[in-house]
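Q: Chain A is already provided as a structure; the job is to place chain B with the ligands on it using the hints.
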Amino acid sequence: MATPNGRKLLEVDHLVMHYKTKKGDVSAIEDVSFSLAQGESLGLVGESGCGKTSVAMSLMRLAADNARYLNGEIRLDGEDLLALSEEAMRKRRWKSIAMVFQGAMNSWNPVYTVGDQIEEAIDLHIEPRPTEKQIRERMSRLFEMVGLNPAMLDRYPHEFSGGMRQRAVIAMALSCDPRLIIADEPTTALDVIVQDQILKELKKIQEKLGMTLIYISHDIAVIAEVTDTIGVMYAGKLVEYGSTLEVFHRPKHPYSYLLLSSTPSITGPRRKLAPLEGEPANLLDPPSGCRFHPRCPFATEICVTDEPPLEDKVPGHKAACWHSDRVPVTIGVAV
Amino acid sequence: MLKYVAKRLIQGLLLLMLFLALLYILLDAQPGDISLQLSANPRLPPEAQEIVRERLGLDQPLLGRTVTYVLNFFQGDLGLSFTQYPRTVGSVILEKLPRTILLFLSATILAYYMGFALGKVMAWRRGKTVETGLTLGGVAAYTVFYPWFAILMLWFWGFQFGLFPLGKFIDVDEWTGAPMAANRVFMRMLISLGILGLVLGAVSLLAHRLPPERGEQVARYGPPLVLVAFLAFWWLSPLRSYVADIAHHTLLPVLTLASVQFAGVMLLTRASMLETLKEDYILTARAKGLPQRDIRNRHAARNALLPVVTSLVLALSFVIGGGILTEGIFSWPGIGGQLLDATLTEDIPLATGTLGVIGIIALVGHLISDVLYMYLDPRIRTS
Ligand SMILES: Nc1ncnc2c1ncn2[C@@H]1O[C@H](COP(=O)(O)OP(=O)(O)O)[C@@H](O)[C@H]1O
Ligand SMILES: [Mg+2]
Chain A
10 MATPNGRKLL
20 EVDHLVMHYK
30 TKKGDVSAIE
40 DVSFSLAQGE
50 SLGLVGESGC
60 GKTSVAMSLM
70 RLAADNARYL
80 NGEIRLDGED
90 LLALSEEAMR
100 KRRWKSIAMV
110 FQGAMNSWNP
120 VYTVGDQIEE
130 AIDLHIEPRP
140 TEKQIRERMS
150 RLFEMVGLNP
160 AMLDRYPHEF
170 SGGMRQRAVI
180 AMALSCDPRL
190 IIADEPTTAL
200 DVIVQDQILK
210 ELKKIQEKLG
220 MTLIYISHDI
230 AVIAEVTDTI
240 GVMYAGKLVE
250 YGSTLEVFHR
260 PKHPYSYLLL
270 SSTPSITGPR
280 RKLAPLEGEP
290 ANLLDPPSGC
300 RFHPRCPFAT
310 EICVTDEPPL
320 EDKVPGHKAA
330 CWHSDRVPVT
340 IGVAV
Chain B
43 MLKYVAKRLI
53 QGLLLLMLFL
63 ALLYILLDAQ
73 PGDISLQLSA
83 NPRLPPEAQE
93 IVRERLGLDQ
103 PLLGRTVTYV
113 LNFFQGDLGL
123 SFTQYPRTVG
133 SVILEKLPRT
143 ILLFLSATIL
153 AYYMGFALGK
163 VMAWRRGKTV
173 ETGLTLGGVA
183 AYTVFYPWFA
193 ILMLWFWGFQ
203 FGLFPLGKFI
213 DVDEWTGAPM
223 AANRVFMRML
233 ISLGILGLVL
243 GAVSLLAHRL
253 PPERGEQVAR
263 YGPPLVLVAF
273 LAFWWLSPLR
283 SYVADIAHHT
293 LLPVLTLASV
303 QFAGVMLLTR
313 ASMLETLKED
323 YILTARAKGL
333 PQRDIRNRHA
343 ARNALLPVVT
353 SLVLALSFVI
363 GGGILTEGIF
373 SWPGIGGQLL
383 DATLTEDIPL
393 ATGTLGVIGI
403 IALVGHLISD
413 VLYMYLDPRI
423 RTS
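Taken in sequence, the protein lines are chains A and B.
Those letters in the first sequence? Residues 10 to 344, per this note's numbering, in order.
Those letters in the second sequence? Residues 43 to 425, per this note's numbering, in order.
Hints are supplied without guarantee of correctness; some may be wrong.
[To be verified] With a Cα cut of at most 30 Å, we get these calculated DSS-like pairs of lysine-lysine:
hint: 1; chain 1: A; residue 1: K31; chain 2: B; residue 2: K45
hint: 2; chain 1: A; residue 1: K29; chain 2: B; residue 2: K320
hint: 3; chain 1: B; residue 1: K49; chain 2: A; residue 2: K32
hint: 4; chain 1: A; residue 1: K29; chain 2: B; residue 2: K45
hint: 5; chain 1: A; residue 1: K17; chain 2: A; residue 2: K100
hint: 6; chain 1: B; residue 1: K49; chain 2: A; residue 2: K31
hint: 7; chain 1: A; residue 1: K100; chain 2: B; residue 2: K320
hint: 8; chain 1: A; residue 1: K100; chain 2: A; residue 2: K32
hint: 9; chain 1: A; residue 1: K17; chain 2: A; residue 2: K217
hint: 10; chain 1: A; residue 1: K100; chain 2: B; residue 2: K170
hint: 11; chain 1: A; residue 1: K142; chain 2: A; residue 2: K29
[Said to hold, decoys possible] What the simulated footprint calls covered on chain A by chain B, stretch by stretch (three residues with Cβ under 8 Å from a Cβ of chain B suffice, anywhere in the stretch; the number is not a length):
hint: 12; stretch: 23-34
hint: 13; stretch: 89-101
hint: 14; stretch: 156-169
hint: 15; stretch: 231-240
[Stated by the list, open to error] One-sided and incomplete, this derived list gives chain B residues near chain A with beta-carbon spacing under 10 Å:
hint: 16; residue: T171
hint: 17; residue: D322
hint: 18; residue: P333
The set of hints was computed from the structure by calculation and includes no laboratory data.
Every residue gets a Cβ at the ideal spot worked out from N, C-alpha and C, and that includes glycine.
Only chain A is shown next, with the shape it has when bound in the complex (with noise of 0.2 Å):
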């Protein structure tokens, strides 16, 4: 769904950004475009190191300090976010964007109680600032909102458990209603059972709020948890994207092929494991031609010369890849 004017909510535009190292650039995000309409979901995935933290962190624009945007755009309802000044993009974190991070159970200052942390940032974005009475009513309905006794309010990080933590995050994640919740690797650290549980509360959430919403994981599965459009990224670069279903049932990216059958499916039926051999590529010095050919089954000469085109295999379905066709249909493997 877009915006009236037809504009979507986010748009990355061939979005390039290397990092500045002594040994040399390190090109974390290479051409990178996607948009994203109000209240949809993306996920983005792959392997550690392929770029989504630089991604999300560019969203933010709270990358490092030797990160260097060398071309590209990111649009936030039309306003692009890397032209603006630092002071305005200040106010506009939280407010328009949140987060919630990768190890987001020690996103929490140990000093202060949860409450006031929350607290702290609608003091910031809310205007007219509401009252204590206002701002408690607001904090306590979202601590019920992710499952949270609202008493917690008042408590000290240490006093929470690693899931209870991560809710009050989402939580502070949504204080402010921002227009856009990235939320990276948000479960990772936590054992499988409360993933899953907050998983399915972070999902009823955002449908219950259409809340747009971008998750990213290494995992495949968890991914399709959540979200309805799928986004592989491989060595900086997005090799597929696509709706969640398309890309689960009929991936047009070996890599993404790899990914779902290396990934052990616990409702579906039993299948052989296809392991993804290698490591991803070195980004100090990235393949030429696909950056995947020396990891990939079906790898040709065009392949190490020519870099394919992220371009549509089926509307709406687009991959970066010469022999799309070959990829095979995954079976089996649940949604």
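A: What follows is chain B with the ligands alone, placed relative to chain A:
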């Protein structure tokens, strides 16, 4: 929390008893006692010497004497001074202790306040010229040989520039015709400083309790107003010139002592703050869109403070070593200098008493820093 404090208090008392007993036994084990000193007097026959020993109880077994000493100490009876007979050790210490406390308290507060404020900015400005300069200066001040530094300060500010008196506590010439003894004036100063501290504390508490905008105003204008009122009070007081004389004498030793402590605090704060800045909650604070100042003060510095408070305990050991040196070099009539005198003149009761009181100071300091830490760190407070 109260239970914890009570527990620490009882622990402290036991420790103090043990310390006093050990102190007594150690000083007793030194060669020579009072009778030998008296025997240097050729007119005292051996029988008289025995009588002295008997009357002083020195013929009693060591253990009994130790117990008596500790019990007496707790009742405030520290015995008589040999060299200042017939004054009691207690009265000698009571006269000198406030001066030492003033010296150390003001130097420590100054050092921690300044050290923390600068250390925090250094970490924030990592890699800038300010940071490099302060680090170099800090390391130099931290590693400097203290007695040399103190003498240098005295020579530079006192002798070369004549800005400060060359030691001592008052300028006797100024005090002819004074309405009261210097010590009484001094005690009044001390009390007024205590009140000042309390009022400043109350103001900052108030600033925290009030809603943000009002609180900020109170935090900004409150302390300067209180300070002005404090200075005005003494300015208008008839004791003005005497108070000024004491303050003038106090400034240089306080600054000297503070600058050495300050360097350590600053370097520690910097290191601690650099660690804190790597924490995830700093990233959260940035993501929340907090202004830089809030991220630095409210999130980073507040946590960086914890190890710095712990170091307060370490600073206490400085009270003994640095105390004797500073008071010696600045001819400051406090208990540090007193301890040195007592040791040199073999005034054993005075030396034991002084060391005992220093022990109490260390224990109290320890307790304060523990309670402060608990107040600052909810992880300890609530468990
Ligand atoms: N500050 C940085 N300086 C240099 N390289 C970095 C920096 N941050 C991340 N990288 C590199 O950029 C690549 C992408 O990292 P990241 O975005 O964290 O990936 P992901 O979140 O998918 O695991 C990795 O190769 C990583 O080593
Ligand atoms: Mg990551």
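Q: Run every hint past the structure and note whether it holds.
A: Hint check results:
{"no.": "1", "hint": "A/K31 <-> B/K45", "result": "55 Å, violated"}
{"no.": "2", "hint": "A/K29 <-> B/K320", "result": "20 Å, holds"}
{"no.": "3", "hint": "B/K49 <-> A/K32", "result": "57 Å, violated"}
{"no.": "4", "hint": "A/K29 <-> B/K45", "result": "55 Å, violated"}
{"no.": "5", "hint": "A/K17 <-> A/K100", "result": "21 Å, holds"}
{"no.": "6", "hint": "B/K49 <-> A/K31", "result": "55 Å, violated"}
{"no.": "7", "hint": "A/K100 <-> B/K320", "result": "23 Å, holds"}
{"no.": "8", "hint": "A/K100 <-> A/K32", "result": "35 Å, violated"}
{"no.": "9", "hint": "A/K17 <-> A/K217", "result": "20 Å, holds"}
{"no.": "10", "hint": "A/K100 <-> B/K170", "result": "27 Å, holds"}
{"no.": "11", "hint": "A/K142 <-> A/K29", "result": "48 Å, violated"}
{"no.": "12", "hint": "23-34", "result": "violated (count 0)"}
{"no.": "13", "hint": "89-101", "result": "holds (count 3)"}
{"no.": "14", "hint": "156-169", "result": "holds (count 3)"}
{"no.": "15", "hint": "231-240", "result": "violated (count 0)"}
{"no.": "16", "hint": "T171", "result": "18 Å, violated"}
{"no.": "17", "hint": "D322", "result": "4 Å, holds"}
{"no.": "18", "hint": "P333", "result": "7 Å, holds"}
The structure is inconsistent with the numbered hints 1, 3, 4, 6, 8, 11, 12, 15, 16, although it conforms to all the rest.
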